[in-house]
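*Asks:* In case you want the letters, here they are:
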Amino acid sequence: MIIRICYIVLIFTFFGCYGNRNEIASQKALTNEYAKGFAIQYNDSCTKLTVYNPWQGAKNIDYNYFFVDSPKHFHFKSKDNTEVFYAPIKRLICLSTTHIAYIDELKETSTIIGVSGISFVNSKSLISRIEKGEVLDVGYDQNLNYELIVSLKPDAVICYGVGAESVGYLFKLKELGIKLIFIGDYLENNPLGKAEWIKAFGVILKAKDRSDSVFNSIKYEYYNAVKLAQTVKTKPRVFLNLPYKDSWYFPGGSNYFVKMIEDAGGDYLFKFLDGSKSYTISYEKAIETGMNADIWLNPGAASTLEDIKQSDERLLSLIPVKNGQVYNNNLRSTSTGGNDFWESGVVHPNLILKDLIYIFHPELLPEHKFYYYRKIE
Amino acid sequence: MTPKGSKNIGKNRIVTLFIGLFGLFILFAILDLLLGSVKIPFIHFIDFILGNDIKDPVARQILVNFRLPKTIAAVLAGSALAVSGLQMQTIFRNPLAGPYVLGISSGASLGVALVVLGLSAFSIPIWVSQLSIATAALIGSMLVLLLILAVSVRIKDILTILIMGMMFGSAASAVVSILQYFSNESVLRSFVIWTMGSLGSVTGIQIWFFSLLTFLGLSMAIILARPLNVIFLGENYARNLGLNVGLVRFLVFLSTSLLAGATTAFCGPIGFIGIAVPHVVKMLFKTSNHTILIPASVIAGAVVLLICDIISQLPGANYTLPINSIAALMGIPVVIYVVIKNKRFSGV
Chain D
1 MIIRICYIVL
11 IFTFFGCYGN
21 RNEIASQKAL
31 TNEYAKGFAI
41 QYNDSCTKLT
51 VYNPWQGAKN
61 IDYNYFFVDS
71 PKHFHFKSKD
81 NTEVFYAPIK
91 RLICLSTTHI
101 AYIDELKETS
111 TIIGVSGISF
121 VNSKSLISRI
131 EKGEVLDVGY
141 DQNLNYELIV
151 SLKPDAVICY
161 GVGAESVGYL
171 FKLKELGIKL
181 IFIGDYLENN
191 PLGKAEWIKA
201 FGVILKAKDR
211 SDSVFNSIKY
221 EYYNAVKLAQ
231 TVKTKPRVFL
241 NLPYKDSWYF
251 PGGSNYFVKM
261 IEDAGGDYLF
271 KFLDGSKSYT
281 ISYEKAIETG
291 MNADIWLNPG
301 AASTLEDIKQ
311 SDERLLSLIP
321 VKNGQVYNNN
331 LRSTSTGGND
341 FWESGVVHPN
351 LILKDLIYIF
361 HPELLPEHKF
371 YYYRKIE
Chain P
1001 MTPKGSKNIG
1011 KNRIVTLFIG
1021 LFGLFILFAI
1031 LDLLLGSVKI
1041 PFIHFIDFIL
1051 GNDIKDPVAR
1061 QILVNFRLPK
1071 TIAAVLAGSA
1081 LAVSGLQMQT
1091 IFRNPLAGPY
1101 VLGISSGASL
1111 GVALVVLGLS
1121 AFSIPIWVSQ
1131 LSIATAALIG
1141 SMLVLLLILA
1151 VSVRIKDILT
1161 ILIMGMMFGS
1171 AASAVVSILQ
1181 YFSNESVLRS
1191 FVIWTMGSLG
1201 SVTGIQIWFF
1211 SLLTFLGLSM
1221 AIILARPLNV
1231 IFLGENYARN
1241 LGLNVGLVRF
1251 LVFLSTSLLA
1261 GATTAFCGPI
1271 GFIGIAVPHV
1281 VKMLFKTSNH
1291 TILIPASVIA
1301 GAVVLLICDI
1311 ISQLPGANYT
1321 LPINSIAALM
1331 GIPVVIYVVI
1341 KNKRFSGV
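If you read the sequences in order, they're chains D and P. The numbers in my numbering rise by one with no breaks, and the one at position 294 of the first sequence is 294. The numbers in my numbering rise by one with no breaks, and the one at position 189 of the second sequence is 1189.
Calculated from the structure, these hints are not laboratory results. A couple of the hints might just be wrong.
Keeping only pairs whose Cα atoms sit at most 30 Å apart, straight-line, the calculated DSS-like set for lysine-lysine is [as the list claims (entries may be wrong)]:
no., chain 1, residue 1, chain 2, residue 2
1, D, Lys227, D, Lys179
2, P, Lys1039, D, Lys285
3, P, Lys1286, D, Lys309
4, D, Lys285, D, Lys259
5, D, Lys208, D, Lys235
6, D, Lys179, D, Lys235
7, D, Lys219, D, Lys375
8, D, Lys179, D, Lys206
9, D, Lys206, D, Lys36
10, D, Lys285, P, Lys1055
11, D, Lys174, D, Lys219
12, D, Lys124, D, Lys322
13, D, Lys227, D, Lys206
14, P, Lys1286, D, Lys235
15, D, Lys124, D, Lys235
16, D, Lys309, P, Lys1011
17, D, Lys219, D, Lys369
18, D, Lys219, D, Lys208
19, D, Lys107, D, Lys208
20, D, Lys179, D, Lys36
21, D, Lys132, D, Lys36
22, D, Lys259, D, Lys90
23, D, Lys172, D, Lys235
24, D, Lys322, D, Lys36
25, D, Lys235, D, Lys206
26, P, Lys1039, D, Lys322
27, D, Lys235, P, Lys1055
28, D, Lys277, P, Lys1039
29, P, Lys1055, D, Lys271
30, P, Lys1011, P, Lys1286
31, P, Lys1011, D, Lys271
32, D, Lys124, D, Lys28
33, D, Lys322, P, Lys1282
For the chain P half of the interface with chain D, some residues (derived, Cβ under 10 Å), not all of them [claimed, not checked]:
no., residue
34, Pro1041
35, His1044
36, Asn1065
37, Gln1130
38, Ser1219
39, Ile1222
The model shown is predicted, which means the values in this text are computed figures rather than measured ones. Glycine is no exception: its CB is placed at the ideal position from the N, C-alpha and C atoms.
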């Protein structure tokens, strides 16, 4: 707590970037509606993006990113947890395909010059640039191609940390003089909180107005759908995922996807599990629960019942399979294995929610056509 | 007492031990079927044993489709690992040898890694079925076996073959590491889960393949019991008696590879059971006669892996533990005991 206060004091001291006292006084803060992982403050000469604890298990780790129009207005040097960027940012490297979705939504994919895992990209505008050879694959995790990244001369590398130990390979980039921007969208437990990170990208790409309007329309559509789903009387019991061998992973009750199941008028069968992390549940327990389910969602990468049979034929005797109520989120997948649900789905919880409502209560949205989901037959 | 009388006492002891072991086997097999995360009313279990139709669909699903194949897999894997471990300890004259000294599990790992990790590293999306994993593991372990057999035909010295096996295994592991290094998290996770071992994912047709290969391997082991007794006395002695040592060795390697290869293919690499169980059996039966040790290892191996499986299922809890870890924790104390007891290793 004391450290937090010190940070705030520090922020106030540094803020206003540089210049006269009046500028410091004119600083404004924007409050987020759902997202907890970042904050935006701005004044006439610069905008500050603060990212809190951007990886799992991070405590009291904040990153401050200052975006200024011209070096003339800013004399503050980059420090450990502080980085200064000069507008406009024209060369970005994205280490996660979900971050591409935010940039795509802001119509700024032309700024992307490198991505991690090029074969998983779904964004049409980026794929056409990849085909022209304008975007390169920079490797992933511990296999980052450091030499390529340095030679691309990016203005910033948009990155994420899975845990403290995985952040090590990112700090190597910092040593090489590359500026990092941590994005912690995956840590948000609220689907709209994830989508709200588009505002952080709005700051990075100087597209604040567009990011605000995109987020507001997503929020509006999401809540209208929630209202619709609240009218239902019976909630179907929902079962998830496909086992690896005989280990079955289920997310805890406060996971963002569980929240969407409940917002869509469904009843998640493992909601008694605490928190948002995933649990390994025994095969027996999972089968016992699966025998009482109405609907089975997200069975791994399966596209057909034959795929599920190949993986484990016993699963075909689950009740949702017998009733033809198995659905997967891989309708929009590329031939190389990229699933758009994990890319653009993060920015479009409204579309996922409508798919779920259509699965749980088709009578509520009779005209709806699946966007991410498909029926498994 | 005449020598004949003492022989009778020995025989009685062996018969008693066999009956005792078999009793334990039945007991733990029943417990393995009875205990698990989900409580199944005893009445359903009685129906199941009597072959009646189980009325509760959940109980039927769990007993018939999950616990029964899991128990069969535990029995097959336990027997196979114990017998192949015993064979390797005799052939290599080394108490720390086990089913995997020939590099069989490393070969199997390489096969699985190529399918699970390799294809994804080249961005080839495929639906990896359980059967394709088992097939890849079997092919991997058979390739290592072929190398070992090729070496054993030319090289007479058993220690050289042991070193060759370890080197092939290390080479396969090195390639697996490269594949792991280039893999993303989700496929890496499915590979790591394979290396932890699993008895509960062997289903349907796989159980039949697994049984067939294990029975083939065990039948060979029983036929090879007498020649192994002779080899146990020393290879030169065996040669003087007119035994074709090269042929016996070849057949023992074949039997071990069938047993350990099939187990690794269907259940993943399960360690320490193969090293520990033969020692427990030798301590119990106080004999080096393989016509006794081999059938005893079959039963004892099954009992030990059944116990491991019951523990790993954590009856009553919603979670399970990986079978490989439980097998290691059960086996390691036995191996430590053997090392301390054996003056050649402890230097006491």
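*Asks:* Look at each hint and say if it fits the structure.
*Replies:* Checked hints:
| no. | hint | in the structure |
| --- | --- | --- |
| 1 | D/Lys227 to D/Lys179 | violated, 43 Å |
| 2 | P/Lys1039 to D/Lys285 | holds, 10 Å |
| 3 | P/Lys1286 to D/Lys309 | violated, 49 Å |
| 4 | D/Lys285 to D/Lys259 | holds, 22 Å |
| 5 | D/Lys208 to D/Lys235 | violated, 39 Å |
| 6 | D/Lys179 to D/Lys235 | violated, 48 Å |
| 7 | D/Lys219 to D/Lys375 | holds, 27 Å |
| 8 | D/Lys179 to D/Lys206 | holds, 17 Å |
| 9 | D/Lys206 to D/Lys36 | holds, 21 Å |
| 10 | D/Lys285 to P/Lys1055 | holds, 19 Å |
| 11 | D/Lys174 to D/Lys219 | violated, 36 Å |
| 12 | D/Lys124 to D/Lys322 | violated, 37 Å |
| 13 | D/Lys227 to D/Lys206 | violated, 34 Å |
| 14 | P/Lys1286 to D/Lys235 | violated, 65 Å |
| 15 | D/Lys124 to D/Lys235 | violated, 37 Å |
| 16 | D/Lys309 to P/Lys1011 | violated, 51 Å |
| 17 | D/Lys219 to D/Lys369 | holds, 20 Å |
| 18 | D/Lys219 to D/Lys208 | holds, 16 Å |
| 19 | D/Lys107 to D/Lys208 | holds, 12 Å |
| 20 | D/Lys179 to D/Lys36 | holds, 23 Å |
| 21 | D/Lys132 to D/Lys36 | violated, 38 Å |
| 22 | D/Lys259 to D/Lys90 | violated, 36 Å |
| 23 | D/Lys172 to D/Lys235 | violated, 50 Å |
| 24 | D/Lys322 to D/Lys36 | violated, 42 Å |
| 25 | D/Lys235 to D/Lys206 | violated, 43 Å |
| 26 | P/Lys1039 to D/Lys322 | holds, 24 Å |
| 27 | D/Lys235 to P/Lys1055 | holds, 27 Å |
| 28 | D/Lys277 to P/Lys1039 | holds, 26 Å |
| 29 | P/Lys1055 to D/Lys271 | holds, 28 Å |
| 30 | P/Lys1011 to P/Lys1286 | holds, 12 Å |
| 31 | P/Lys1011 to D/Lys271 | violated, 60 Å |
| 32 | D/Lys124 to D/Lys28 | violated, 37 Å |
| 33 | D/Lys322 to P/Lys1282 | violated, 52 Å |
| 34 | Pro1041 | violated, 13 Å |
| 35 | His1044 | violated, 13 Å |
| 36 | Asn1065 | holds, 5 Å |
| 37 | Gln1130 | holds, 6 Å |
| 38 | Ser1219 | violated, 29 Å |
| 39 | Ile1222 | violated, 32 Å |
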